[in-house]
Each structure stands twice: as C-alpha cells, then as structure tokens.
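Work out the full structure: start from the sequences and follow the hints.
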Amino acid sequence: MRDVVQVRGEVVANRRVGAYHHLTVVAPGVAELARPGQFVAMAVGGPTSANLLRRSFSLHRVSPSGAYGGTLDVVIAAKGEGTQWLTGLRPHDEVDVVAPLGRPFPLPTEPVATVLVGGGYGSAPLFWLAEVLRERGCRVEMVLGAASEDRLFGVVEARRSADGVTITTDDGSAGTKGWVSDVLPEVITRTGAAVVYGCGPMGMLRSITEVASAHGAVAQVAVEESMACGVGVCMTCVMPVTGNDGLTRMVRSCVEGPVFRGDRLRWDAFDDGVCRVPADTVGAPRPGGH
Amino acid sequence: MRDVVQVRGEVVANRRVGAYHHLTVVAPGVAELARPGQFVAMAVGGPTSANLLRRSFSLHRVSPSGAYGGTLDVVIAAKGEGTQWLTGLRPHDEVDVVAPLGRPFPLPTEPVATVLVGGGYGSAPLFWLAEVLRERGCRVEMVLGAASEDRLFGVVEARRSADGVTITTDDGSAGTKGWVSDVLPEVITRTGAAVVYGCGPMGMLRSITEVASAHGAVAQVAVEESMACGVGVCMTCVMPVTGNDGLTRMVRSCVEGPVFRGDRLRWDAFDDGVCRVPADTVGAPRPGGH
Amino acid sequence: MADLTTRLGALTLPNPVMTASGCAANGRELHRFFDLTDLGAFVTKTVMADPRSGRPTPRMAETSSGMLNSIGLQGPGIAAFLDKDLTWLHSIGARVVVSIAGNTAAEFAEVARALASHPSFACVVAVEINISCPNVANRGLVFACDPMSSSTVVGLVHQELPPGTPTFAKLTPDVTDIVAIADAALQAGATGLTMINTLLGIVIDTDRLRPQLAGITGGLSGPAIRPVAVRAIWQVAGAMREGRIDTAPIIGVGGIRTGLDALELIAAGASAVQVGTATFNDPSAPRRVRDELDAALDARALTLADAVGIAHRRKVQL
Amino acid sequence: MADLTTRLGALTLPNPVMTASGCAANGRELHRFFDLTDLGAFVTKTVMADPRSGRPTPRMAETSSGMLNSIGLQGPGIAAFLDKDLTWLHSIGARVVVSIAGNTAAEFAEVARALASHPSFACVVAVEINISCPNVANRGLVFACDPMSSSTVVGLVHQELPPGTPTFAKLTPDVTDIVAIADAALQAGATGLTMINTLLGIVIDTDRLRPQLAGITGGLSGPAIRPVAVRAIWQVAGAMREGRIDTAPIIGVGGIRTGLDALELIAAGASAVQVGTATFNDPSAPRRVRDELDAALDARALTLADAVGIAHRRKVQL
Ligand SMILES: Cc1cc2nc3c(=O)[nH]c(=O)nc-3n(C[C@H](O)[C@H](O)[C@H](O)COP(=O)(O)OP(=O)(O)OC[C@H]3O[C@@H](n4cnc5c(N)ncnc54)[C@H](O)[C@@H]3O)c2cc1C
Ligand SMILES: Cc1cc2nc3c(=O)[nH]c(=O)nc-3n(C[C@H](O)[C@H](O)[C@H](O)COP(=O)(O)OP(=O)(O)OC[C@H]3O[C@@H](n4cnc5c(N)ncnc54)[C@H](O)[C@@H]3O)c2cc1C
Ligand SMILES: Cc1cc2nc3c(=O)[nH]c(=O)nc-3n(C[C@H](O)[C@H](O)[C@H](O)COP(=O)(O)O)c2cc1C
Ligand SMILES: Cc1cc2nc3c(=O)[nH]c(=O)nc-3n(C[C@H](O)[C@H](O)[C@H](O)COP(=O)(O)O)c2cc1C
Ligand code: FES
Ligand code: FES
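Protein chains in written order, with my numbering: chain V, 15 to 304; chain Z, 15 to 304; chain X, -13 to 304; chain U, -13 to 304.
Incorrect hints may appear among the rest.
Quick list of simulated restraints, FRET-style, between CB atoms [unchecked claim]:
hint, chain 1, residue 1, chain 2, residue 2, range
1, V, Asp285, U, Met134, 45 to 55 angstroms
2, Z, Arg275, X, Gln303, 27 to 37 angstroms
3, U, Glu228, X, Arg299, 47 to 57 angstroms
4, X, Arg299, V, Ala27, 48 to 58 angstroms
5, X, Arg299, Z, Lys191, 32 to 42 angstroms
6, V, Pro42, X, Arg299, 45 to 55 angstroms
7, U, Val165, V, Gly230, 49 to 59 angstroms
8, U, Met134, Z, Gly260, 37 to 47 angstroms
9, X, Ala166, V, Asp285, 39 to 49 angstroms
10, Z, Lys191, X, Asp277, 34 to 44 angstroms
11, Z, Pro122, X, Asp277, 49 to 59 angstroms
Stretch by stretch, here's where chain U covers chain X in the computed footprint (C-beta under 8 angstroms, at least three residues) [what the hints assert, rightly or not]:
hint, segment
12, 160 to 167
13, 189 to 196
14, 281 to 294
A partial selection of chain X residues facing chain Z, derived with a Cβ cut-off under 8 angstroms [stated by the list, open to error]:
hint, residue
15, Ser51
16, Val302
17, Leu304
Simulated from the structure, these hints should not be mistaken for laboratory data.
Each residue gets a CB set at the ideal place from its N, CA and C atoms; glycine is no exception.
Pasting the structure below:
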C-alpha cells in the first residue's frame, strides 16, 4: 500500500494569521494517510522557478473530504524566496505537494497526562495531536511560546483543544514573560505528565528535553533541519541520534524523524548553527581520515 | 532627455485573440516616447525565475493616459517558457518593462502610397503605423498573411486602419491561399506604392524586399533575432547589414534595428537557422582564424 | 512508444534512464513513488569499504537552479550495503549499477572484491567507479583530476571483477582537459564513462558571513550545470569520433530535469542518462524523464539509438 | 550610507561595483539608465588590435538561471575604441577599466601600447588583461589554462604600460588548479586578479538536434555559476592568507544579481565586484547592486573594507 502521495494541489484559502499565513490546499489522498507530526514538502516558484528544492511544513490539519475534496492545512512563516512565494499564492493557484512524510508523534498506549509545547509556528501540528490524544483519554495541557504576541500561533484553538493552556512571550506582550522552559516544570509537576511533546526551534527542543528528563517525563520532539528532498534520498537532513544499541549514527531526520525522543538526540553536537559529528558516531572521521 | 523608461508595469487585461494573447499593461512614460516599430522588453517568471533574459515584443499600441495611466499593448504568441508565463498573467499581476527600444519605422516626408505587410503576429505594430502614415496623408494598403486563419492578427482592425486590405493564408482558411509575396506585386503595382513596410518571419521579409525592389519600392522591414538584452549591451542580436559606405558590418538589431532597409540586409548570410558572417564583413575571420 | 533500448558496450538495457548516485539512496525510498524496474538501471549511492558518518551539517545550500551538497559519502560500508541494500534491490528485480569509491586506490579494489563475491552481484549490470573523490595518498587531490591516479584505480578495480563486467569511470568536470582523463580511464580498461560529477562550489551565508556548508565547499548540481555536462560529453564524444581516443559508451548526467534535457545529453553523445538533483524536486523524476524522452523521440520519429550523438552529425558546417 | 571605499593595491575607488566586460558594451547604452560615474568603475568590452566581426548567430542560448554566449570578441579594434569609446567615457568623467586581449601574446602588448599612448588614457584607472581567450599560437588553448602563457602575456603587457598602472589578469574557472594560474599571473607582475570568466558550455537545440549556438560552444554566465565564482575567489584568497601565493586584490565576478550576491563574493575575498549577465535582466543592475550592497553593509554595521574576506575569519573550526 502506498503510504505517501504526490499530487498537484490547488489552493483553497490563504489567510494571514498574526505573523503567519494559514494555507489550505486541496490534496486528495493525504488526509487518509497522515498522522500528527508528519509533514508535507511543497515545490515552489512554479514552472519557471530557479528554486528546485521543496519546502517542508508540519501538517497543521488534514480533512479527508470537504467541499473541495481532501484538504491539508499548513502554517507558514514567510522567510526566504520559497516561503514568500507560497504565502503569496491565491485561491486556484497550483502547488505540487508530497505528503505525508516522516514519522508521526508516537502515541502513549495508556491514557496518561501529556504536555504539548509549541514555539512560534511550531504549535501548528499540536492541535491535531491534542485531539488524537484526548480521543485516547489523555489529559492535554498546552504551552505556547513565541518572541511576541503576533508570533504565537493558535491561542484560541489551544483553549478549545487542550485541558489547560499556558502562554509565554519573550517580551511579555502576551502571557508570562519568558520562555516555555520557565513554565514547563510547573505544568509537568501539576499534571504529572508522562510525555512532553515539543515542536519549535532546536534550542527550545533541547530545553524541553532537559526539563522533561529532570521531571521523569519522556520528551518527543519534532526537529527542523535543512532538507533538500524530504523523502530520504539526499542525506542532507541528518543529525546524530543514539539508537537502541547505544550507538550514535547520523540519521535522516526526514524519514527517521522529524519526531525523535529528545534524550536520543546528541544535543552536544549542535552549536552556533552547525551540527558536528560526535567522535563516537558510527563511521566518524578518524584522525587523518576522510 | 531620457528616451527609454524601465517601469514595473501592471497588467490591465489579457485577452485571447485567435492563436495569440493581447496584453495591456500600465507602463507610465512609455507612450510619450514610443513610435511605431519600436519594441518592449519584458522580464519573465517573477522574483524566483530561472529565466533571466527579457522577452521582446513589438509595441502594438500605446496610450499616454487612460483610466489607468499610460498603457502599452502587445500581441504575444505563447511559444516557450517566457511567453507562456506572460500569456498566463492575470489583471493586477506585475511585469517589469523596458521601453521603447530600437529604431522605429522611418516615415516618408511626402504623402506617398505605402503597403504594410504583416506575417502572423508581425501585423501587431502595423495598425499604429497605418494611423501615423494616414495622418501624414499617405495611402495605406495592408497585406496580412499567416499559416491559417487563427494565426492572422487584426483583420478587423486592418479594415479600419487601412485603405485596402488583402489577406492570405497558407492553407486557404481565409483570404487568398498562398503567401503575401504572391499578392504583393499586384498591390504595389495597383497603388504605386513607394514604400513597403514589413514585419514577420525573416523568410517573408526577404521576399518582401525582393518584390519591393523589383517594383521600384523601398522595403523597410522589422527583423527578429534572438536578443539577450534588447538594449545594446550584449552583442547577441547582430546581423550583417551594409552601411552607407558600402561596407558590411555585424550590427545590433536591437539598437540599430529592428527596422532596417530591406536592401541593406545581407540575406545571403541567412540559411537554415544560422546567420553566417559574410567574408567581406568588416573584421571577418581571416583564414587561420581570429 | 519509441524504441528506447540502449547498448552500453556488451550491456543492453531496455531504456537509457537511470538514477544518479547519491540522489536516490539505495532504492527503497523512491520505490514508494514508482517501480524501480521501470528504469534502465538503478545507480546506488557510492559505497566505500567501511561505514562513514559523512560530514557535519549544514550539508546543503540551495543555489540558482541548483544546489550545493557536502554529504561526505555517508554510507553503511560495503558489507552492510551488500547484505541489506543490494540484496533488497536484487529481490525486487532491479538492474543495478553499483557506485564504488575509496580513500586510496587499494580501497577501491577492496570494495570491488567484496562486491564481486556477494550472491547479489547477480543483479549488478555494471560498476560505476566514482573517481571524483579525494585521494588521501595524494594530498586529497581528487583521483579524476589526475590521469595517472585515474588509470591506477580503474586498473585495480578491473582485476577484482569478473572479466567482462561493465565498468564506468565517473569523471569530474573540474579539470583543464577532461578528454585526457577520459582517455586514461579507457586505456586502463574502463568500459565507458559517466559524466559529470558535481562542480566544486561555495555559498556564503550572508547573515553569518561564513560558508553556509559546515564543510565549506560542496558539489554544485542541478539544471544550472547542464550546459557544462553537455559540453563535457560533446568534447569526449567528439574526441572518440575523431579517433583521438578509444570509442566507448558514455552515460550522461548533470542537470537533467525533463525528457528534453535528457535528449540534449543523448544528442551530444550519451547512450544513457542519469537523473540526480531533479529527483529532489520531483521524486518521480527519473520515471517521468523516461516517459518524456519516449514521447520526444516519438515526436521526432527517432529511436534512442538514432539519437545518440546525433548533434555531431547535424552540426552546422561554417 | 556604509563606507564603500575600496582599495585595490594603490588604486582607491569610491565604491566596489563595476560592470563586467562584454556585458555593458562601451557605456553609452547603460548611461541611458543610470549615470556611469555612480559606479566604482566602468569595465569596457574586451578590445583587440583590429576590428572583429565576431561569430555567426545564434550567439546566445538561455539556460537555467544563466545563459551561454559566443560573441567571439566582436569589436571595433583598439584605434576606433580609443577615439570613439574611451574618449566618450573620458568626457563623462567615468573611471574606466579597459579590458584587452590578443590572439597572441604580442597582440596583447600591441593593444596595451596603443592604449597607453592615447590622451584618454587619463581616465583609465586599471587595465584588465583578459587571458581567458584562445591563444592562436598554442592550438587555440586558452591563455589562462596554462601558467606559462598567462605569465608571458602579463609580463609583456606590463612593459607597455606606465609603471604603476594597475593591471588585473582575468582568469577562467575551467582549470584543474586556479591557484597555480593566479600565482603565475601575480609573479609576472599583475596587480591583482579578476575572477571568473565564463565556464565553457554547450546547449543542444532539441528541435534541430544540433548545438544551438552557431559556434557550438559558448560561455556560461549568470547566477547559475555564482557558487563556482565564490569558490574560485575563496581558494585564491585562501592561498594568499596562507602565504602560498602573493597577496593581491581580487575583483569578483560571476552570477551577481543582488547586493547580497555581491556580498558573497566580497566575503569570500573580493575587494571589488562586477555585474555581468544580470544587466541583461535589469539594465540598472550595476547601480542597484551598489545600493543594495550599501544597505546590506549598513544593516550589518560593516564597512566595505571590513567585509572583504570576512568569511575566512568567521569560518567554523571543525
Ligand atoms: C519537518 C519540518 C517542518 C517544518 N514546518 C514548518 C512549518 O510548519 N511552518 C513554517 O513556517 N516552517 C516550517 N519549517 C521550516 C520551513 O521548511 C523553512 O522555513 C523553509 O524551508 C524556508 O524556505 P525559504 O525558501 O523561505 O527560505 P530559504 O532560506 O530561501 O531556503 C533555502 C533552502 O534552505 C531550506 N531551509 C531553510 N530553512 C529551513 C528550515 N528551517 N528547515 C528546513 N529547510 C530549510 C529550504 O527548504 C531551501 O531548500 C519546517 C521545516 C521542517 C524540516
Ligand atoms: C524586436 C522583436 C519583436 C518581437 N515582437 C514579437 C511580438 O510582437 N509578438 C510575439 O509573440 N513575439 C515577438 N517577438 C518574438 C519573441 O521575442 C519571442 O517569441 C520570445 O522571446 C520567445 O520567448 P520564449 O520564452 O517563449 O521562448 P524560448 O525559446 O524559451 O526563449 C529562449 C530565449 O531565446 C530568446 N528568443 C527565442 N525566440 C526569439 C525570437 N524569435 N526573437 C527574439 N528572441 C527570441 C528569448 O528571448 C529567450 O531569451 C519579437 C522578437 C523581437 C526580437
Ligand atoms: C546530494 C547529492 C549526493 C551525491 N552523491 C554522490 C555520490 O555518492 N557519488 C557520486 O558519484 N555522485 C554523487 N552525486 C553527484 C550526482 O550523482 C550527479 O553526478 C550530479 O549531481 C550531477 O547530476 P544532477 O545535476 O542531475 O544532480 C551527488 C549529488 C548530490 C546532489
Ligand atoms: C554576452 C557576454 C559577453 C562577454 N564578453 C566578455 C568580454 O569581452 N571579455 C571578458 O573578459 N569577459 C566577457 N564576458 C564575461 C563576463 O565579463 C563575466 O566574466 C561573466 O559573464 C561572469 O559574470 P556574470 O555571471 O555576472 O555574467 C562576457 C559575458 C557575456 C554574458
Ligand atoms: S531531506 Fe533528503 S534525506 Fe532527508
Ligand atoms: S540584444 Fe543585446 S545587443 Fe542587442
């Protein structure tokens, strides 16, 4: 059975939401296969484009059939050429999508308490995750953080999807002034959460992992590394991850991720925008070597 | 005084006309400077485009100020990536234009009879030329030819702009079956034309020139050669033209043309899609090479 | 349906379209998008003797109509490759071209030896010798930048393979005279040539004002480089036609995105083609290119064999 | 307004942005779009001793994010150039870099001699020696593909110019080792280097199935090749920093379309930059690039001098 589709999607809606754009695309076949934490890779620039590489976005929501056939939703921050092109799309414009990609958030087998932490547009996949968790009887608390109020995504939706919501902003323009890691210990303690799900910048994922570990919870984090293909064939998106056998390997975050157990990621390798190959990685360069 | 402008134009209308698209673009400042026979160079593909080179089109018409400010009109045959992009534009889309470029059709100082011959979209600049000529008291006959009826442009407009119109198509789907050169001798003879203006494929321009010369008329033809810049800086658009001094030089058709006196073009150099450098050209390669 | 059959020396393939090494992993991922047996052959990611972690990240930078990569030949090593990847490719019935490399000429031979002795060698239709990689013994100079090193590697690999195994030496375009390297590889016994590997490039991150790739330099690929690939193929095929070097089949690679792009490389002299970076844009690209090439040949009433090198015969005499 | 002043050896220019030879004709055409004196310098189309018709057409092919050209150094010859073009450039007050070439080393010298003795030589701030052109005496091999030919030409030109005239040898990237060529040019007395000229390429017309350019091969330029230009500059600037070759100013060229593109080449080691093919897309590109570079430096609180080679200092130590 096919677990991924490639379709020429049609834009249904493109709405501005704070600092982001919320894009809805008709993409038949995706919803049936997708689970929260997976992502979509979209081609950008149209037929004359100089930008060859697809752009990846967390699936915010999917719906198997609506007025227009199956749709998917993504939340996009306009940054470089590709995201500017995508956020400039109008209804009826076409966009080629490949989805769903990557491994979804693993779901607990027991109805445990959970905390879902999103940084900026990183909250996009969490509302759908929250619904799925609550269907399984899990308690869901959400913590949404961002630099400023306009960079928070989904505060209203959070109140609907979660049993409790905590907001932080770096500048204090909404919620508690500070970082998600400042409030997270209290939320975990209060709810007795067994799993903390995180999506957002790498630095945030690292501190979520640290806080979760310190409080006896498991962190499941969705990472973001530059991806050339999104489907596992190029090896650009790798990061050092420790496997069940205790060995570290450079694994592809597009197919073995984007969701990893936080304590399996070799956070020590990430620094200043670079991720080094830890010396104990399988096949790491030897002195004098490659 | 500036004789050319570069402006970010806005599409006002894009209508299908037979096999072509008739595009109207708001481009302030162009109309005031432009004369029939000149052309516009348009950038294609938008900000992420892999197509760097501008596409050139004869100015079909300009209007100094309308409901939208000054506009220009062009008639485009969708062919490759650039023209497909242009003909896919919608109202309010932007397109960067540089215009007017090149030398216009020279106008007779006396009110002589003229014949205007257009092949395919080559008729686009001729209606405006016809108006200007009639303002000067010149008699204007038009001959429009194309492969088939849908590839004729402006038959209705021709009847308005000219004192007489003859149509030819290769397949006989409209007018006389045959080529413009088949009917041209009769038209020149009947009207006593002193000047024949031509715009269309190179083969047609060559036969117009031959027929005109044979009937004692001067041919003024607007050529089409691949242009990388359109403004005279790249030297890609050259062709061998004999100057007043009788010497042949490789001259730029974008600045010294696109209109040339037909008998000045070295037709002997054109063959099978290539234009050779005649051996007597100034600076031609000597045996042993340059 | 045009006749797409192609001959590469003694090897006949049902069609000329392949994946490019390193742009299709070892098959499983693309098999989700199309059946790999639809291709003329599947080319594996270059494999070396031992497992390799590859380089730090960032490993990629997008460029105008292309990209830079600095993967650093990450891979599982030949033993794991044979048992897991090649065995799987064999099981689905793919025709496989195995790309091999080494830090030294001896390592190339070691990899070839292991390959030839594995049961799944049965599915291997050819070996691609990726000499566009650094030679540790020669100050890291790329093997394919030097005719001597190129011929040493090709010679040693040949000794390890069953006689008659088709081999293709993969050349880098970053040389003053690619015909000289092609000549050296063919003299040393290569069945044919694969051209081209990536061009060496650098992108500067203009925010951090330092190289965007952790490894500083990377390989430039994609449509941006297609004219360089066509030129390299043209020059080498031209030298063959003029009898300056031995005649041998060429596999063209570099910037193919559409069937017409493939036709460019074929008309310049390639008997088969590989689709690399375009696969990142469209995971179905290799199969789509095959279908588009088929249609393009049909429209021109040509077979694949007619089209190989046709541009040399049709070139304008000035 | 960032301080855009740049120093190229003894030469100081108010800003680092120039046109690229052959992409701006000899000035009159672009002067319709912006004032040429706004640029750091205006670089003329390469001029040779005699008038040249250049090659047959088609002379161009568009490529993905670039183009091929085969103009064949069309030009009026040095005498007409001096009397008409250089004199006009002088009259408008432009700072001019004159690009010269020859079919033989002696022709280079002849052109330099004529140039130096003309009254308008006063407006010439530097001479660019375009050694990326074919050497008739050496089987048409491009001068800059061979260290010996490169140094001969540079040496001969220097003898003809007043002492202290800044000269820049323009290098081709189509070589195995560009540092070796740079070294030869500098040893022979060049003040600095211009990098890079176009890459050799071919496009096949897939309708006619023959090379699209009448001259078969052409030079590949535009954003497509920027990573190759940045790499060439990085390698040569790196060799200078490591003391492997003499330190000298570099003028960067290749694929610049925006101010950030210019900043890439500057950060890699270029003290000035030239805008070529982008001018065909936007006739105001050279001046726009200057303004965008200005803004980009301002945003980073850097002067131009700070930015030159900054990526070497900031590169990550792995
Ligand atoms: C699994 C995953 C999920 C993501 N989800 C979202 C989301 O929901 N909303 C959102 O706004 N963004 C998301 N991103 C980030 C988004 O992919 C990048 O912002 C985007 O690719 C940048 O493209 P650009 O053309 O604007 O930037 P440019 O800088 O021009 O991109 C240049 C190249 O780098 C790649 N690149 C640059 N930044 C990133 C990045 N952060 N991650 C991956 N590739 C990158 C691009 O894909 C492109 O190939 C996600 C990334 C990943 C890997
Ligand atoms: C002075 C002049 C006036 C023209 N007027 C018209 C007009 O009124 N209507 C119209 O439909 N077409 C006109 N053309 C032709 C038009 O410019 C080309 O059809 C168009 O450039 C093709 O672009 P493309 O992207 O569709 O084709 P592609 O084949 O993809 O173009 C590739 C490259 O070749 C160049 N090129 C290809 N064909 C031509 C050509 N015939 N002339 C110049 N450059 C070419 C393109 O500009 C581009 O750089 C005119 C050309 C010139 C020189
Ligand atoms: C991400 C990536 C990884 C590559 N890895 C290899 C490799 O392992 N071995 C090899 O011979 N070529 C490798 N290449 C080069 C390609 O096989 C191909 O020669 C080159 O990319 C040009 O083709 P393209 O423009 O179609 O990509 C790689 C290219 C890319 C983009
Ligand atoms: C049409 C054209 C003509 C050129 N003519 C010359 C020339 O006469 N002399 C020269 O040194 N370089 C010439 N070049 C090369 C450019 O100066 C420049 O080195 C190259 O195009 C790379 O820069 P770009 O990518 O900005 O165009 C020419 C380039 C083009 C596109
Ligand atoms: S993005 Fe290509 S392997 Fe992950
Ligand atoms: S098109 Fe560039 S000089 Fe004419």
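Status of each hint after checking the structure:
| no. | hint | verdict |
| --- | --- | --- |
| 1 | V:Asp285 to U:Met134: 45 to 55 angstroms | 47 angstroms, holds |
| 2 | Z:Arg275 to X:Gln303: 27 to 37 angstroms | 31 angstroms, holds |
| 3 | U:Glu228 to X:Arg299: 47 to 57 angstroms | 50 angstroms, holds |
| 4 | X:Arg299 to V:Ala27: 48 to 58 angstroms | 55 angstroms, holds |
| 5 | X:Arg299 to Z:Lys191: 32 to 42 angstroms | 37 angstroms, holds |
| 6 | V:Pro42 to X:Arg299: 45 to 55 angstroms | 47 angstroms, holds |
| 7 | U:Val165 to V:Gly230: 49 to 59 angstroms | 58 angstroms, holds |
| 8 | U:Met134 to Z:Gly260: 37 to 47 angstroms | 45 angstroms, holds |
| 9 | X:Ala166 to V:Asp285: 39 to 49 angstroms | 44 angstroms, holds |
| 10 | Z:Lys191 to X:Asp277: 34 to 44 angstroms | 39 angstroms, holds |
| 11 | Z:Pro122 to X:Asp277: 49 to 59 angstroms | 57 angstroms, holds |
| 12 | 160 to 167 | holds (count 3) |
| 13 | 189 to 196 | holds (count 6) |
| 14 | 281 to 294 | holds (count 3) |
| 15 | Ser51 | 5 angstroms, holds |
| 16 | Val302 | 5 angstroms, holds |
| 17 | Leu304 | 6 angstroms, holds |
Taken one by one, the earlier hints all hold for this structure without exception.
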